[in-house]
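Q: Letter by letter, the chains look like this.
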Amino acid sequence: MIRYIIRRVLIGIMILVIVCALTFVFFRVLPTGNPALLRAGRDPQPKLIKEIEGVLGLNKPLIVQFWDYMKEFFLHFNLGYSYYSQESVRGLIVERLPATLSLTVGAAILWVLGGLSVGIISALRRHSFLDRLSMGTALLLLSVPEFWLGLVFLLLFANDIGKFKILPGAGTYVGLTYDPWKWFTSLIMPWIVLAAGSAAVYARLMRSSLAETMREDYIRTARAKGLRERAVVRQGVRSAINPIFTLLGLEIGVLLGGAVLVETVFNIPGIGVLNYKAIQSSDFPVVQGTVLLASSFIIIANIVVDIAYAYLDPRVRFQ
Amino acid sequence: MSAAAPSPRGEPLLRVEDLRVEFPGEDGIVHAVDGITYQVFPGRTLGIVGESGSGKTVSSLTALGLTRRQGARISGRILFDGQDLLSLPEDKLRAIRGNDIAMIFQDPLSSLHPLYKVGRQLIEAVRAHRDVSRAAARERAVELLDLVGIPDPARRVDEYPHEFSGGMRQRVMIAMALANEPRLLFADEPTTALDVTVQAQILMLMERLQRELGMAIVMITHDLGVVAEMADDIAVMYAGRIVETSSAARLFATPEHPYTWGLLKSIPRLDGPREQDLVPIPGTPPSLINPPSGCHFHPRCPYAQPEHSRIDPALEPVPDEDQHHVACLLDSSTRKGLWEQLQAGNTPEQALAEVAAAEGAAT
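So the sequence lines, in the order shown, correspond to chains V and G. Taken in order, the first sequence gives residues 87 to 405; the numbers are from my numbering. Taken in order, the second sequence gives residues -8 to 354; the numbers are from my numbering.
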């Protein structure tokens, strides 16, 4: 098991390096992507551009730039400095991480609980009105993009521009430690919007997975033992969750992608907005830092899921 | 076996009367069980024999209220201890399931929950019907594993089903079924998924437990060897009906139904002459949606007469044998003649010719 974990972590680090290399190449070969040009003002002298390139280290060969970046990252955990504000990228990320974590963790809880419970009810009452309604809603939520759903929510429920002014709208986010209640209410809509798509996927997966396990022989055995239906269903759910659980690691990536959009729509000062603005202004170090953060999240989540799976399924453990 | 016939063995523990189970399907109604009647006496074993799809499993699942398919239409009566299981409300039936009546299934691996330790599954079975502490139930679980001959039960109680061999898993299933000392055990093909040597062990175990606990067993199988070993009485099912029923000894000595002959002649025997060929039953089991008209067996019966496709035979006592019933349109004397010819090693065609000649000479 230890060997397995070490191997997975090493592979994870390799993937991080590859992701870094890819973002390096993508952003530097894009035609409009020269940050020195963007910073030099209107009709710049070529000399000025060269100067700025020198300051930012852009005149070195790409491979050297990459090597320097990797060295700084792995030796000092230094992600460089923003081309714009000169602030340390690590500082920027640390400052904005709480907002993004509040959003994504809350949404993940909502998504798993909501998705699983709707899926379970649907599986047990298959082809009922409730089942059709929830599966139809799930399909709808699955199909609409987050930014659109976010805008619809704002137009419906935000207390500034909404039709029913019941929830704080965009730009009302405050830190948890500053005012827990305001923190909570300002995040209700973003949580729902961000969770909706994934919850819908999970509801549908759970429905089909549970419907399948409820036909298993051991469920018949459980009934033959004279267990209460509740206990029988619990046994089914226990098995049905396993295959869905393995998808959790992948779904975290979808969630982070969605967070960029949701943070933008609701104007939450998180990593997503940071990343979005950095892309707009070719602020390479910030883009690089946020991409690295997101990919580490996904890699760590997948390793954790795989290890946890061994505990969920004894048959895997013994292989 | 008519329901009203007085029995020399006292009151039956289970009496199934004219049970019918139908499933509406896409292609029509599946008549899985088509009016069967049988009884099981305390401490005795009834073997229900038939090919797959003959309705033998459905009939027992129905008794426990476990008929899984939605929209099953069930009629008839299943009397256990005087109460009709078919009309019991779900919670009353649940109190009987796993308590007075238990069941074991064909595939012990898929019938055990793969993610729970066997101990937990045994404890659950005990606590479903008895108000005992977890610790006491656990002790009982160890005791049960010991009872069914699993070595080192105190350690194995904490293992998962996949850590057990096939035979040991079936022992666990049996232990689970015995948790509350049932009076009746349905065993649905309990040895089919096991190696032959293990099969014998499991059958011996069941016999021992039956002696010790005095329970009645309904043994559902396609394997006449298994019922020969275990059963006191035998019911042969074909296409959702019972076509022949009698004591085991009598059924093997003087079977009356051509389908039973077919079953007996298609078993390989180690002690028989090597050159004697097995005689398979021709054709395939009939559709349960559109069963053949008349006698359901007539399309596969080598002895069928033209009128057998019109007349539906009833299960009637064999002359002078009120415990032996058969549903066959052939004459009793013809049947005896045919069986003698088959016993002598003749093929069904030869047997038919011989008997026809003998009858021609007699008239």
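Be careful, since some hints might not be right.
[Claimed, not checked] Residues of chain V clear of chain G, computed beta-carbon distances all greater than 12 Å:
#, residue
1, 194
2, 240
3, 249
4, 312
5, 367
6, 377
7, 399
[Claimed, not checked] Heads up, incomplete: computed chain G residues facing chain V, CB under 10 Å, no partners named:
#, residue
8, 68
9, 70
10, 87
11, 90
12, 98
13, 112
Just so you know, the hints here were simulated from the structure itself, not pulled from any lab data. The C-beta atom is built at its ideal place from N, Cα and C for all residues, glycine as well.
Q: Which numbered hints does this structure break?
A: When the structure is compared with the hints, numbers 4, 7, 8, 9 turn out to be violated.
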